[in-house]
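Asks: Letter by letter, the chains look like this.
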Amino acid sequence: MPVSLFEVNANVPDIRISREQLQPEADPPDGKRPAAPVQVSAIRSFLLSRGNSAIADRGFHWLMVLCALSIFGIVVLIAVELVLRSKLAWHQFGFQFFFSAFIDPETKLPQYWDPVNGHFSALPFIYGTLVSSFLALLLAVPLAVGVAVFLTEMCPQAVRGPLAFMTELLAAIPSVIYGLWAVFVLVPLLREHVNPLLIKLLGWTGLFGDDNPTGLGFLTAGVILAVMILPIISSLTREVMTAVPHSQREAVLALGATRWEMIRMGVLRNARIGIVGAIILGLGRALGETMAVTMVIGNNPQIVRSLLGNGSSMAAVIANEFAEASGDLYLSALMEIGLALFVVTIIVNAFARVLVWAVTRGAPAQVH
Amino acid sequence: MPTERKLRAQIRAGIDGAATGLAVISTLLVVAPLLAIFAYLLYKGASSLSWAFFTDIPKPVGEAGGGMANAIAGSGILLAIGSLIGVPIGIGGGIFLAEFGRGTKMANAVRFTADVLNGVPSIVMGIAVYSLIVVPQGHFSALSGGVALGIMMIPTVCRTTEEMLLMVPHAVREAALALGVPNWRSVLAITVKTASPGIITGCMLAFARVAGETAPLIFTAFGNMGWSSNLSEPIAALPLQIYVYAISPYDEWHRLAWAGALVLIVLIVTAVSLVRYVTSRGVLKGAS
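Chains as they are written, first to last, in my numbering: chain A, 810 to 1177; chain B, 3 to 290.
Read the hints as simulated data drawn from the structure, not as lab findings.
Owing to the predicted nature of the structure, the values given are computational and were not obtained by experimental measurement.
Do not rely on the hints blindly, as some may be mistaken.
[What the hints assert, rightly or not] Computed, partial: chain A to chain B, Cβ under 8 Å: (1) L856; (2) S858; (3) A865; (4) M873; (5) L891; (6) W899; (7) G903; (8) F974; (9) L979; (10) G1097; (11) I1127; (12) I1155.
Just so it is clear, CB atoms sit at the ideal spot from N, CA and C, and this is done for glycine as well.
Bound conformation, chain A alone:
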């Protein structure tokens, strides 16, 4: 009897064929051979005796199918729960939740997020999410593509392994540790040294106001988000760059190009769809990033023009206010923001995956 699920039955009979069985019998002199008896070999009788495993096979098959369908189930579950809980806010505000806000008749100022009076609008959070994410992309994409180019084409072989490992290690650091470091190191650094410089040099653009000397704000959030999405963009870019066939590189070099021209024309041009996909994937990660952004963005539900001003983002407001949300409308409004975040990240991620798949089609699958 088998001892466990993972041991194959060891009592297989000896199936070695003897020498007599191999040699055919000599023909009898009168040319007539007796009818050959049906010989059931040992292995055949053993297999026949074991019975049919069709039921077990089918059961196992369907169990595995169920596990695979659970992935669809998770998506459906999240969607259903979010839609159900945000119904209240949807009935109350409708589509205007995302596009307009209640204007206070006395001060003529928009009241975006007023739990006391029940006026909710997602505008400042959408603004904050977009501003911090695009700032992060602006900072991260050149660096990530530069790192990818260096690691793939220019790096000496000995250093490549450790450097690639270090870039991937950046992806493994939890968001809360990035937030911790940002609060205690990045914020003072920006507050003391970088922000005054920016205000002095670029204050004329109107984007760098000096009325928020805390060091928190969209810029800090953008910087820490850039550090966080850099490894994703970089590793995916490396993957699509290595998927470009060597013949392309050799062809450009054969025509007399310098190394940078070879990279530009032979590799980056062929991989640009995948690189765009990698960038969009990084954007998707930046849109949904919660902990680090919550700790440095200032948590002010207003739309502020200055990049140094405090704001909030969709994930940050959920993280901050969800646990203490009193009142069904408050909770429902937060759920609706969560639903919007869910839908947006799904669309962005799906689009990015299609782009990356189009370039690396045929290459072995990798998890990111």
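Following the hints, complete the assembly by docking chain B onto the known chain A.
Replies: Coordinates of chain B only, in the frame set by chain A:
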């Protein structure tokens, strides 16, 4: 003219050198924050690490000392529940993708959905589990936190399992089937067993990923300043405790947050390095 050609060649060589320089600079700029974070973590966290850190629970504000023992234990419990949910279902999904559904449309759809699900923000998972489990139960609980972590593990485990199973050579499967081993037995005892080092490292990768997740735990496990042994009570978790301490105004708690961050990062880096080591050495020594 020859001098014009020489000038152009020099410009092109100059651009090449500039591009190389920019690539090197961007690599340094990327590696610098990583080293800065690690160095600062070591510097700030090592001074607060003591035996008391690993055995004490948090003390009230104003008293010195205290530790994060309950947070470490709580993280362990949450990860255990999460693994119980995530690992079997994930491996099952991976087996389906590699063995039964290879090349079919449904397998492509499952793979795509798993990748997309990997990109969904963890806070959305948290509020979905809140709505699913916490609201009907009426209280925060360790169970809901474990479920949230578990469903975050499923897509990652599924994809890495599929990747590892695809590497098992066909000859191994065919040999088992040719000997009359039932299909389910062949998949489990032969194919999965051959790929098991890789599958285990895939689970470790998912484990390391969810070990650092805070957002889904904020409104499911909620955090606890003391020990908790009941699965239906709120429970502390290491990243959650780090977050609560970091945004507090007390210096003592900041110190503890740094120590906790050091512990967390050491755990995660160890797991990731192990994964890297095992997969780079060649996973399937039993196959060939």
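Asks: Would you mind marking each hint as holding or not holding in the structure?
Replies: Outcome of the hint check:
1. With a least beta-carbon distance of about 5 Å to chain B, the hint placing A:L856 at the interface is held under the 8 Å criterion.
2. Against a cut-off of 8 Å between C-beta atoms, the interface hint on A:S858 is violated, since the closest Cβ of chain B lies about 11 Å away.
3. About 5 Å separates the beta-carbon of A:A865 from the nearest beta-carbon of chain B, less than 8 Å, and the hint is met.
4. With 8 Å as the threshold, the beta carbon of A:M873 comes within range of chain B, its nearest partner Cβ sitting at about 4 Å, so the hint holds.
5. About 6 Å separates the beta-carbon of A:L891 from the nearest beta-carbon of chain B, less than 8 Å, and the hint is met.
6. Interface hint status for A:W899: violated, as the beta-carbon distance to the closest one in chain B is roughly 15 Å, over 8 Å.
7. Nearest Cβ of chain B to the Cβ of A:G903: about 21 Å, over the 8 Å cut. The hint is violated.
8. Annotation: interface hint on A:F974 holds; nearest CB of chain B at approximately 6 Å, less than 8 Å.
9. Taken as an interface hint, A:L979 checks out: its beta carbon lies about 5 Å from the nearest beta carbon of chain B, inside 8 Å.
10. Satisfaction of the interface hint for A:G1097 is found here, the shortest Cβ-Cβ separation to chain B being roughly 3 Å, below the 8 Å cut-off.
11. Annotation: interface hint on A:I1127 holds; nearest CB of chain B at approximately 6 Å, less than 8 Å.
12. Given the 8 Å rule on beta carbons, the hint for A:I1155 holds: about 6 Å separates it from the nearest Cβ of chain B.
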